[in-house]
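Novice: Here are the chains, one letter per residue:
Protein chains: 2
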Amino acid sequence: MLIGDMLRRDAKLYGKKIGLIDGEKRFSYSELHHRVNRLANGFVGLGLEKGSRVAVMANNCHEFVEAYFAVAKAGLVVVPVSTRLSTDEMSYIMGHSDASVLIYQEAFQKGIDGIRKDIPQVNYFLCIRKGRQGGRDDYESFLQKFSEDEPKTQDALNENDMVMIMYTSGATGKPKGVMTSHRNVMANTITLSFEHHIVPEDITLLVMPFYHNGGLWPTMVHFYRGGRVILLEGFDVETILNFVEKEKVTFLNLVPTTLVRLISHPDLGKYSLDSLRTIMYAGAPIALSKIREAMQKLGEHRFYTGLGSTEASGSMLSLPNREHALEGPMAEKLPSVGRDSINVEVRVVDAQGRDVNIGEVGEIIAKGDNIAMGYWKMPDETAETFREGWLHTGDMAKVDRDGYVYIVDRKKDMIISGGENISSKEVEDVIFRHPAVHEAAVIGVPDEEWGESVKAIVALKPGSKATEQEIIDFCKDFLSSFKKPKSVDFLDELPKNPAGKVHKAGLREIYWRGRERKI
Amino acid sequence: MLIGDMLRRDAKLYGKKIGLIDGEKRFSYSELHHRVNRLANGFVGLGLEKGSRVAVMANNCHEFVEAYFAVAKAGLVVVPVSTRLSTDEMSYIMGHSDASVLIYQEAFQKGIDGIRKDIPQVNYFLCIRKGRQGGRDDYESFLQKFSEDEPKTQDALNENDMVMIMYTSGATGKPKGVMTSHRNVMANTITLSFEHHIVPEDITLLVMPFYHNGGLWPTMVHFYRGGRVILLEGFDVETILNFVEKEKVTFLNLVPTTLVRLISHPDLGKYSLDSLRTIMYAGAPIALSKIREAMQKLGEHRFYTGLGSTEASGSMLSLPNREHALEGPMAEKLPSVGRDSINVEVRVVDAQGRDVNIGEVGEIIAKGDNIAMGYWKMPDETAETFREGWLHTGDMAKVDRDGYVYIVDRKKDMIISGGENISSKEVEDVIFRHPAVHEAAVIGVPDEEWGESVKAIVALKPGSKATEQEIIDFCKDFLSSFKKPKSVDFLDELPKNPAGKVHKAGLREIYWRGRERKI
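Quick note, the sequences are listed as chains A and B, same order.
The numbering used here numbers the first residue of the first sequence as 7 and each following residue consecutively.
The numbering used here numbers the first residue of the second sequence as 7 and each following residue consecutively.
Next comes chain A alone, as it looks inside the complex (with noise of 0.2 Å):
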């Protein structure tokens, strides 16, 4: 099954029904399939070949989702721009994935103008309005012009064809582009939709940016089984809250952070949730005392969670609705991560990939055939990343006598923070520029409402001195606002390890001592 062929089945099965809402737009799935149709002949229309790159910045909007799904049945690969990066971060992804076509939202007009210099190989650009419309490159004109028909390029394509570059922040600075089949993201699809017992009855609102895993798979999953997505554009709990009881919504998505405010609110009480059948909340920490909360409030069966990467165009372990509970052995498991997902196969290895024992640390590896093509151009990261059809995450847990995995650090030097991954070399790399600086290192800490914050541990070179403030404002001048620390530690000098270099895991240790859900 490739991507085209969901919508065509959702228009046949459920085509006068509301799939998607956004704002006051509602579209039934024969809409929706006629109107990706048009654009996917649009993209035809420009005599793109096939594969090439179509770059999308934009937050939640109904012209994405059709994006998404115009590219697929095109046979072209989609890059969707995280809309909260720096410009030079976006003009890089537009260019190292040398994207052809750049479909952006009104909104962003102005960043575009200013790097439209460093982006030569963009030939063109499609621009979401949301009042007057018109133009040459407006996307709403250009899709009106073409025929609602079925394009003919599906037959052409194969399921292990690539259909999106997703950028991820790496490790080394760098962002990744993640490159994803046809069959990953389907594979990916069935797993969660199966794994949730999605039916057409089934409403989501979809809280996390389309541009972001975490807001992608629950619209695929809705779509797959012709149950409703409701966009959403930011995280404001009480408009959550507000459009839950509305609309009636039986699915949400959230990261921890979002989870905790919303448990938090004062009016939480006051509205009918009723309707609310699961809560995923995943992507990042959550201390363990804010989900038994969440569960004492909402009810312990209502929430999921696991472990996911876009690497995996999605998930690989999953703690099910039915194994949260405050009470009995389930308890015990609840600051796992759960065990394999459907259709994954998942193992925790040592150095020489050999499984651990009970209780000792190794690293989480899956296979299955939602695990990606490997990164875009970067063949050394694919090799390392990418072993004989299986994944090495980077992330280091234990398991227990019944295979439930607990993520106790990261291999790879991140930090997550509100959902978003934050490579601490970047970070580093920035405040080392600082002239008073002479040793740096950047980790996570516990943070209640983002799961992970930045911090900054800094050892000022002797004689010069600089404050807080003046490290967070001069990483601001360098780094998307999200990525700047949000504290800074002096110390005289940072502890090492016996190759001398610094010891960031006993850092981590002094922050994190006595919380139960590392991470």
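Just so you know, these hints were derived from the structure itself, not from any lab.
Remember, identical chains collapse to one label, so a pair may be satisfied in a single copy or spanning two.
Heads up, simulated DSS-like pairs for lysine-lysine below, C-alpha to C-alpha not over 25 Å straight-line:
(1) Lys339 / Lys22
(2) Lys404 / Lys18
(3) Lys373 / Lys18
(4) Lys22 / Lys404
(5) Lys492 / Lys502
(6) Lys23 / Lys339
(7) Lys18 / Lys339
(8) Lys339 / Lys296
(9) Lys158 / Lys373
(10) Lys373 / Lys404
(11) Lys254 / Lys276
Got chain A sorted already, so can you dock chain B onto it with the hints?
Specialist: Frame of chain A, contents of chain B only:
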């Protein structure tokens, strides 16, 4: 995912749990996994080439299930042989599939001895003995000789490798061997496990034979999710009711014949059937009045039907529990076999391959990863039935405005009685051998218990005489007992179409007139 991966996963995630029950024997997933490994290592020890055929002739027993998985793990191909066939048919299948190993239950020893000279290609015989064990050809002794470690054979296997040849009655008389790959079987397993929302807590009672797809797939879908399979030999309704109550069975797959007997059982109300979530009924026609009665007695949302076939490794169309209703708009859909199963695309097309309009009759065709590789050593039949990825089922149907499919006739001249396919032509060929017979046509006619029963319509030669019983007895000498006509009607001459061929559709019309569910 290969079939062999399933039990390894089960052993890892549900090791101590009882996965399989056969009479007094209860096997945990770990035990089952290790027994399968032993047998697979035994096959490797025999030095069989990859893809060699292993025939199994057995009623439901744990050894059959083990053999199925061991053959798959060892990179071989399993050939299930129906125990209801005549010895002629059995030796045809073993010869045609060129099986080099035969695993059989002791009960069939005499039959095997009788055809041993006809199956010279079988080099290894393994006998499943229930009592005294031992000897060179003893299944259990053989298995116990080998290691319980994972065989290394998996590495050389590909999901597109053949894993099974399952023979079905062909309309042309000779059984056809449907070749399925690991991927075909896994695709249907995922589809039906998903369709039925199978969870690890599910328990199925295997009423249908494991050598038939109707017994194979429920086993697979429960093993796939770490559920439990209880083997039963035979269709005795009282035994079924006892097991459901005692073992808290949640899922049953029944042919309509058995379902009708079950709901007609005088003691039905005395059993506690609360655990039963789903009764799947399929594989043969059922009278609308009977399924309505079943829903009234047991609850309307407990039933599930659809359309499947061996060539589809299982399911193509599904009418799930939530679409089973006695009242309201969905009640109209009850005579249908539903809509496209998950992961399967179905169309109803005319002779030119175009989708028929609503209400028009066309042939059901289906596409998906579950569609078989073709027929073993029958390139012409393969080319005719499997075209560009589409299985041409030979089932003729109408589609309503919501996409629900209603079967109206079979293009291929087949009768389905009690879930068994019977070729009209095969029976006609035998009747023609009777010296008194001038013309003969064999059709399926409505039967409340069997769905259809075999009826012969015969015109005798002028001056010749033969009674109904004589014709039936004559057929018994040449055919498996279930294929013989249950009744014979005599006409002076059979009705013909303009081309001079017997007008079977006209004959069927006479017997089926006024039935709401034709097939």
